Amino acid sequence: DAKTTQPPSMDCAEGRAANLPCNHSTISGNEYVYWYRQIHSQGPQYIIHGLKNNETNEMASLIITEDRKSSTLILPHATLRDTAVYYCIVGVAGNMLTFGGGTRLMVKP
Amino acid sequence: DVKVTQSSRYLVKRTGEKVFLECVQDMDHENMFWYRQDPGLGLRLIYFSYDVKMKEKGDIPEGYSVSREKKERFSLILESASTNQTSMYLCASSLWIPGQGYEQYFGPGTRLTVT
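Taken in order, these protein sequences are the chains called D and F. When we follow this note's numbering, the leftmost residue of the first sequence carries the number 925, and every step to the right adds one. When we follow this note's numbering, the leftmost residue of the second sequence carries the number 42, and every step to the right adds one.
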């Protein structure tokens, strides 16, 4: 039970913003929302995480709805190298992460 | 930068062999994890460890064991490899930062084929 729901695939034009949605309607109060991505044949790479406030770093922005039941990962200017499977995960400190199927993002020129 | 290394990128073993997969992290993280990844199934947790000599079963521990004798090293052991253990194995480590949650860092993976 991955506790999150993501679309299986999405396309995005190079240079445009990629908005990846995630539903986590059963999230509990102490669980964080994490985003990872996995480029083919490599280990997953941490992108960003948050609890209830929106977060931004050099890679992406994370928008969490006020009720915390969904979130959106935003890659502001997608490049071909952003083509990967993106995983949205909820979890608590020190606890293992459960990865679902993720969203396969294809960035096209 | 956190570095998580795994002993092999590709491994081919025969059914019934004992297989050791080694993972080393260099950032003094308390938590370490072993996952396997299969097409259509995502990443599934096999075992994790939150301290030296401590281990906890994940979602699919059957057929596997682990060892953590030193903080930086977490080994996954397949006592008698079977063909259904052919998979990509990923090691990870994490550090809890109070008030910020934690980040989990992954190794490059070991693609194990059991024939």
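Quick caveat, the hints were computed from the structure, so don't treat them as lab data. All values derive from a computational prediction rather than experimental measurement. Be aware that a few hints might be false.
Heads up, simulated DSBU-like pairs for lysine-lysine below, C-alpha to C-alpha not over 35 Å straight-line [to be verified]:
(1) K993/D with K54/F
(2) K98/F with K59/F
(3) K44/F with K94/F
(4) K94/F with K59/F
(5) K976/D with K54/F
(6) K94/F with K54/F
(7) K976/D with K59/F
(8) K111/F with K44/F
(9) K927/D with K98/F
(10) K993/D with K111/F
(11) K111/F with K1032/D
(12) K98/F with K976/D
(13) K94/F with K1032/D
Enumerated hints in conflict with the structure, sorted upward: 1, 5, 7, 10, 11 and 13
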